[in-house]
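Colleague: The residues making up each chain are set out below.
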Amino acid sequence: MASQDAANKDSKAAEAKPEQAVADQKPAAALEEDDEFEDFPVDDWEAEDTEAANGGEGGKHLWEESWDDDDTSDDFSTQLKEELKKVEASKKR
Amino acid sequence: MSLIIQFLSSIRSFVLAHNGDELRNWLLVENDVADIYFQLAHQLKSSFPDNGSDALERMVDKCLPEEFDVPEGKGSPWPGFNSFVKEYLEYWRDVDFDNLVTLHARLSDLLTSCANALANPTYGVMLLQTSMSLSESLSKLVMGLTRQPHLIAQIQGDMTGDEPGERKSIVELAADVIQKIFTSCLSDRSSSRTQPPKGKKVAVYLFANLTLKLLFACEKSRLAVQMFTNLSATGPALSLYPASQRVTFLYYLGRFNFDHGHYFRAHMCFEEAYRQCPPQFQKHRRKILIFWIPSNLLLGRFPSRNLLQRPEAAGFADIFLPICTTVRSGNFVAFHEAMRHGRDWLWDRGLYLTLLFRLKPLVWRSFTRKTFLLTWQNGGGDAGNRAPSLSFNHLVTTASYVQKLLEGYVPATRPLAPRARPPHINTIFLKAVTNSAAEADSDSNLVPPPGGPRVLMPSDGLIFGNKKPDINNIESIVAGLIYAGLLNGFIARQQKRFAVEGTKRTGGNPALAGWPNPYQSIMERFKEGYEEAVAAYETGENADLPGDIDDVPGWVRNI
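Line by line, the protein sequences are chains Y and L. At position 22 of the first sequence (counting the first as 1) the number is 22 in my numbering, and the numbers step up by one without a gap. At position 318 of the second sequence (counting the first as 1) the number is 411 in my numbering, and the numbers step up by one without a gap.
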């Protein structure tokens with residue numbers, strides 16, 4: 001019944017090449033994929049095959065927590081600075 | 094007739110042998126079966142027409158007599174099983190694969206009958222595989238039907254007897270039947286919660302996952318609440334089940350928590366699902382990342398280069414990096430652009446609105462920090478000897494500037510229109526627009542665009558659509574950020590300022606003191622919320638003692 005649909009979608013997803021995705025202007029098209037979380041082809045596997053077993057190897061450095069830079073020389077900051085100056089100046093007038 | 098008897102006698106032999114696999118292999122319901130099933134259907138039509146007679150029932154009972162003195166490990170037909178087999182034969186007699194509406198009704202009835210038979214404590218377990226395969230067929234059919242609204246309308250219209258307010262969708266009805274099987278498995282007493290599962294208990298997470306798959310495919314995830322509650326109360330430990338079931342379950346539990354705003358819980362589920370999913374299952378890891386990355390964004394953490402370079406993350410940098418950069422910089426205009434860039438992809442996964450609304454406080458945090466850096470250190474001698482603070486008036490100025498940019502304002506120095514424009518066209522109009530749209534524009538470096546400011550959707554404006562930010566808006570935003578723990582300090586209302594606290598503790602760095610690390614702040618706030626819940630229990634304000642801080646309802650880890 002629906003198996004044919006699923007197969008079609010699979011082949012579509014397989015065609016989406018990862019390197020295209022980065023370069024493409026329209027991310028939606030390049031990243032198109034089937035949203036279903038498919039059944040695994042095998043039922044079970046050994047814990048050693050996973051990152052959970054390999055400790056730090058994959059678990060670390062996945063997330064960046066650092067946020068702030070104190071650089072205020074970027075274009076946006078410069079514009080804000082100019083605007084603050086202009087408004088301050090007009091208040092003093 | 095002979096084929097029917099032959100079929101029933103084979104079924105009987107499987108029941109006597111307690112062979113659930115063969116029962117599943119024979120009790121097929123989809124149309125991609127061998128011709129013999131259609132021959133069976135033909136014989137049923139001619140021998141047992143649908144005329145209200147109980148001939149078929151009698152035939153089934155005759156071919157499947159109840160056995161007594163059944164040896165250990167063997168089985169016997171039971172009344173519930175015979176009813177199911179009768180219904181199964183009626184299904185093949187009446188089925189019309191071209192009519193999805195009646196097919197749905199027939200298959201639902203058949204699965205209900207199978208669930209009833211499965212509930213038998215002695216022999217029901219031999220229908221486990223069949224229940225699974227029928228459940229899969231029904232959910233496949235329902236998922237297909239939800240994409241055809243006209244058929245749904247027809248099915249809903251056929252359901253009579255219920256009050257309109259009580260009428261359930263076909264997704265709910267299918268999920269109800271599958272959950273009934275899940276409950277039957279959950280309440281099997283062959284093994285305890287901490288022992289390797291036996292009997293029907295082996296299928297607890299298989300049916301949970303199937304129900305979740307159906308509910309998520311049809312955007313009805315909220316209906317999973319009862320199932321998670323049941324699992325928390327009596328479910329066996331997830332670690333006792335095969336890895337594929339664990340990873341699938343944690344993926345859906347993560348999505349459920351994400352959908353309900355529990356991003357830390359969602360993160361814990363996705364983290365464990367990802368870590369237990371070997372790298373060769375790249376597609377599965379990718380699906381996990383699609384929600385794990387947003388969960389972390391909302392907790393104040395960004396995906397690292399290491400993560401985005403993994404094969405399963407191909408293309409994600411294009412979507413998420415611009416968002417991360419703009420959240421960090423506090424540049425609302427660039428943030429909206431980054432969201433627009435990934436809009437279609439994010440929208441299709443139900444992430445767009447969540448990220449748009451829930452990331453805004455983090456952009457505000459960066460934006461207020463930026464304004465502080467510009468006004469406190471470089472703002473023309475504002476610092477002096479006073480305690481570090483951020484003026485609301487300065488924030489109104491910077492926020493108004495950003496709002497103007499969002500509305501399409503342009504720098505005042507830039508010509509408003511191409512030089513070639515004939516002098517008589519639009520000059521008066523432009524003057525009128527400039528004068529009326531922004532009286533205070535002489536105080537700004539920006540002027541309205543030709544044709545006037547852009548009309549913004551509520552979500553596209555800084556406050557709400559085209560609302561100009563004023564000091565009250567700013568005060569309430571700052572108050573919200575303080576409450577969320579994203580700013581550290583208090584509001585000095587008389588001075589109309591946000592006063593930074595704890596500068597001494599950060600070695601005299603007011604930006605570090607006033608704008609603590611978002612991830613740590615969010616986690617701290619989460620911990621506070623938990624401690625408040627414990628305190629509420631201790632004072633009797635709340636009847637339920639919360640579990641451990643990292644408990645996720647539905648995830649049976651520590652019993």
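Don't read these hints as lab results, they were simulated from the structure. Backbone N, C-alpha and C fix where the C-beta goes; we use that ideal spot for every residue, glycine too. Treat the hints with care, since some could be wrong.
What the simulated footprint calls covered on chain L by chain Y, stretch by stretch (three residues with Cβ under 8 Å from a Cβ of chain Y suffice, anywhere in the stretch; the number is not a length) [said to hold, decoys possible]:
id, segment
1, 338-349
2, 361-371
No farther apart than 30 Å at their CA atoms in a straight line, the calculated lysine-lysine pairs in the DSBU-like style are these [to be verified]:
id, chain 1, residue 1, chain 2, residue 2
3, L, LYS291, L, LYS261
4, Y, LYS86, L, LYS560
5, L, LYS620, Y, LYS91
6, L, LYS273, L, LYS167
7, L, LYS589, Y, LYS86
8, Y, LYS85, L, LYS560
9, Y, LYS81, L, LYS560
10, Y, LYS86, L, LYS561
11, L, LYS589, Y, LYS85
12, Y, LYS81, L, LYS291
13, Y, LYS85, L, LYS261
14, Y, LYS92, L, LYS561
15, Y, LYS91, L, LYS561
16, L, LYS589, L, LYS560
17, L, LYS589, Y, LYS92
18, L, LYS138, Y, LYS81
19, L, LYS273, L, LYS179
20, L, LYS261, L, LYS179
21, L, LYS291, L, LYS273
22, L, LYS233, L, LYS376
23, Y, LYS92, L, LYS560
24, L, LYS233, L, LYS261
25, L, LYS597, L, LYS620
26, L, LYS233, Y, LYS85
27, L, LYS233, L, LYS138
28, Y, LYS91, L, LYS589
29, L, LYS155, L, LYS233
30, Y, LYS81, L, LYS589
31, Y, LYS81, L, LYS179
32, Y, LYS86, L, LYS155
Colleague: Taking the hints in turn, state whether each one holds.
Modeller: Going through the hints against the structure:
no.: 1; hint: 338-349; in the structure: holds (count 5)
no.: 2; hint: 361-371; in the structure: holds (count 6)
no.: 3; hint: L/LYS291 to L/LYS261; in the structure: 34 Å, violated
no.: 4; hint: Y/LYS86 to L/LYS560; in the structure: 22 Å, holds
no.: 5; hint: L/LYS620 to Y/LYS91; in the structure: 45 Å, violated
no.: 6; hint: L/LYS273 to L/LYS167; in the structure: 26 Å, holds
no.: 7; hint: L/LYS589 to Y/LYS86; in the structure: 20 Å, holds
no.: 8; hint: Y/LYS85 to L/LYS560; in the structure: 23 Å, holds
no.: 9; hint: Y/LYS81 to L/LYS560; in the structure: 23 Å, holds
no.: 10; hint: Y/LYS86 to L/LYS561; in the structure: 18 Å, holds
no.: 11; hint: L/LYS589 to Y/LYS85; in the structure: 19 Å, holds
no.: 12; hint: Y/LYS81 to L/LYS291; in the structure: 69 Å, violated
no.: 13; hint: Y/LYS85 to L/LYS261; in the structure: 62 Å, violated
no.: 14; hint: Y/LYS92 to L/LYS561; in the structure: 23 Å, holds
no.: 15; hint: Y/LYS91 to L/LYS561; in the structure: 19 Å, holds
no.: 16; hint: L/LYS589 to L/LYS560; in the structure: 21 Å, holds
no.: 17; hint: L/LYS589 to Y/LYS92; in the structure: 19 Å, holds
no.: 18; hint: L/LYS138 to Y/LYS81; in the structure: 84 Å, violated
no.: 19; hint: L/LYS273 to L/LYS179; in the structure: 21 Å, holds
no.: 20; hint: L/LYS261 to L/LYS179; in the structure: 27 Å, holds
no.: 21; hint: L/LYS291 to L/LYS273; in the structure: 19 Å, holds
no.: 22; hint: L/LYS233 to L/LYS376; in the structure: 21 Å, holds
no.: 23; hint: Y/LYS92 to L/LYS560; in the structure: 26 Å, holds
no.: 24; hint: L/LYS233 to L/LYS261; in the structure: 18 Å, holds
no.: 25; hint: L/LYS597 to L/LYS620; in the structure: 25 Å, holds
no.: 26; hint: L/LYS233 to Y/LYS85; in the structure: 63 Å, violated
no.: 27; hint: L/LYS233 to L/LYS138; in the structure: 27 Å, holds
no.: 28; hint: Y/LYS91 to L/LYS589; in the structure: 17 Å, holds
no.: 29; hint: L/LYS155 to L/LYS233; in the structure: 34 Å, violated
no.: 30; hint: Y/LYS81 to L/LYS589; in the structure: 20 Å, holds
no.: 31; hint: Y/LYS81 to L/LYS179; in the structure: 81 Å, violated
no.: 32; hint: Y/LYS86 to L/LYS155; in the structure: 96 Å, violated
Of the hints listed earlier, those the structure fails to meet are numbers 3, 5, 12, 13, 18, 26, 29, 31, 32, in rising order.
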